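J.: Below are the chains, spelled out letter by letter.
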Amino acid sequence: GQQVMQIPQYQHVQEGEDFTTYCNSSTTLSNIQWYKQRPGGHPVFLIQLVKSGEVKKQKRLTFQFGEAKKNSSLHITATQTTDVGTYFCAGLAGYQKVTFGTGTKLQVIP
Amino acid sequence: DSGVTQTPKHLITATGQRVTLRCSPRSGDLSVYWYQQSLDQGLQFLIQYYNGEERAKGNILERFSAQQFPDLHSELNLSSLELGDSALYFCASSVDPTGTRANVLTFGAGSRLTVL
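Listed in order, the protein sequences are those of chains Z and H.
Residue 33 in this note's numbering is what sits at position 33 of the first sequence, and the numbering runs on without skipping anything.
If you want this note's numbering, it's the position in the second sequence, counting the first as 1, plus 1000.
Quick caveat, the hints were computed from the structure, so don't treat them as lab data.
Values in this document were obtained by computation on a predicted structure and should not be read as measured data.
Please note: incorrect hints may appear among the correct ones.
Unchecked claim - Here are the simulated PhoX-like cross-link-like pairs (lysine-lysine), alpha carbons at most 25 angstroms apart as the crow flies:
hint, chain 1, residue 1, chain 2, residue 2
1, Z, K97, Z, K70
2, Z, K36, Z, K51
3, Z, K70, Z, K36
4, H, K1057, Z, K56
5, Z, K57, Z, K36
6, Z, K56, Z, K97
7, Z, K51, H, K1009
8, Z, K56, Z, K70
9, H, K1057, Z, K97
10, Z, K57, Z, K70
11, Z, K70, H, K1009
12, Z, K56, H, K1009
13, Z, K51, Z, K97
14, Z, K70, Z, K51
15, Z, K105, Z, K59
Just chain Z, same shape as in the assembly (with noise of 0.2 angstroms):
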């Protein structure tokens, strides 16, 4: 069945360092999404991704599907306390069915 990785599985970053989650499908995705899940939280939806190749930007956060629709990465600049969460991509392929990816737990040390 598809399968969605994502990487890193942890990240601790120093406040105002940048930081980077990948996203990868085992098979072509139809779109893509990202939610965030804060600590103790639910996963809230932040964006989705259509177009191959498409780059879409949130204030600091930068989204891209990459050019095959197998892949995606979220990059954060200059993270702040408030970004503090996991970090799933989820993808559709097939018949509404989201596989959500493994997620990347972000910590911000102040």
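Following the hints, position chain H against chain Z.
T.: Frame of chain Z, contents of chain H only:
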């Protein structure tokens, strides 16, 4: 408040027992998804319903079952519980099953199940 309501928030029970988790989707959402998240783990897809019918199935154990009712609320039934079933169970709903945001999920706060 995401608009997706899950009850109960916390549940403690013993091995061998049966529990029912309930989810009310966001108003207007027709699809309901169930996910299991064990401690510090990822989100395991269990099952999806659309307008009362099963749409997709993931790694859902035979001891687990779910349904979506005519009013669109959904229930996840977990039976013959084992210690390993202790987890956070999330329900999510989606806004439009056919449009470009078909699978954008809105999650509830989750039901934390502890099996002793």
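J.: Given the hinted pair K56 (chain Z) and K70 (chain Z), is their alpha-carbon gap at most 25 angstroms?
T.: 17 angstroms, holds
J.: K70 (chain Z) and K1009 (chain H): Cα distance at most 25 angstroms?
T.: Not OK: K70 (chain Z) and K1009 (chain H) at ~36 angstroms, beyond 25 angstroms, violated.
J.: Taken at face value, is the distance from the CA of K51 (chain Z) to the CA of K36 (chain Z) at most 25 angstroms?
T.: Judged against 25 angstroms, a Cα distance of about 21 angstroms means the pair holds.
J.: Would you mind confirming whether the straight-line C-alpha gap from K51 (chain Z) to K1009 (chain H) stays at or under 25 angstroms?
T.: This hinted pair is violated, its Cα atoms lying about 38 angstroms apart.
J.: Would the pair K56 (chain Z) and K1009 (chain H) pass a check requiring their Cα atoms to be no farther apart than 25 angstroms?
T.: Given pair K56 (chain Z), K1009 (chain H) is violated - Cα atoms ~35 angstroms apart, limit 25 angstroms.
J.: Do the alpha carbons of K97 (chain Z) and K70 (chain Z) lie within 25 angstroms of each other, as the hint requires?
T.: Between K97 (chain Z) and K70 (chain Z) the Cα gap is close to 16 angstroms, so the pair holds against 25 angstroms.
J.: Can you confirm whether the C-alpha distance between K1057 (chain H) and K97 (chain Z) stays at or below 25 angstroms?
T.: Holds, because 8 angstroms separates the two Cα atoms, which is no more than 25 angstroms.
J.: K51 (chain Z) and K97 (chain Z): Cα distance at most 25 angstroms?
T.: Holds, at about 19 angstroms.
J.: Can you confirm whether the C-alpha distance between K105 (chain Z) and K59 (chain Z) stays at or below 25 angstroms?
T.: 20 angstroms, holds
J.: Keeping to a limit of 25 angstroms between CA atoms, is the pair of K57 (chain Z) and K36 (chain Z) held or broken?
T.: 15 angstroms, holds
J.: Is the straight-line distance between the alpha-carbon of K1057 (chain H) and that of K56 (chain Z) 25 angstroms or less?
T.: 31 angstroms, violated
J.: Just to be careful, I want the Cα atoms of K56 (chain Z) and K97 (chain Z) compared with a cutoff of 25 angstroms; is the pair within it?
T.: 24 angstroms, holds
Checked against the numbered hints above, the structure breaks hints 4, 7, 11, 12 and satisfies the rest.
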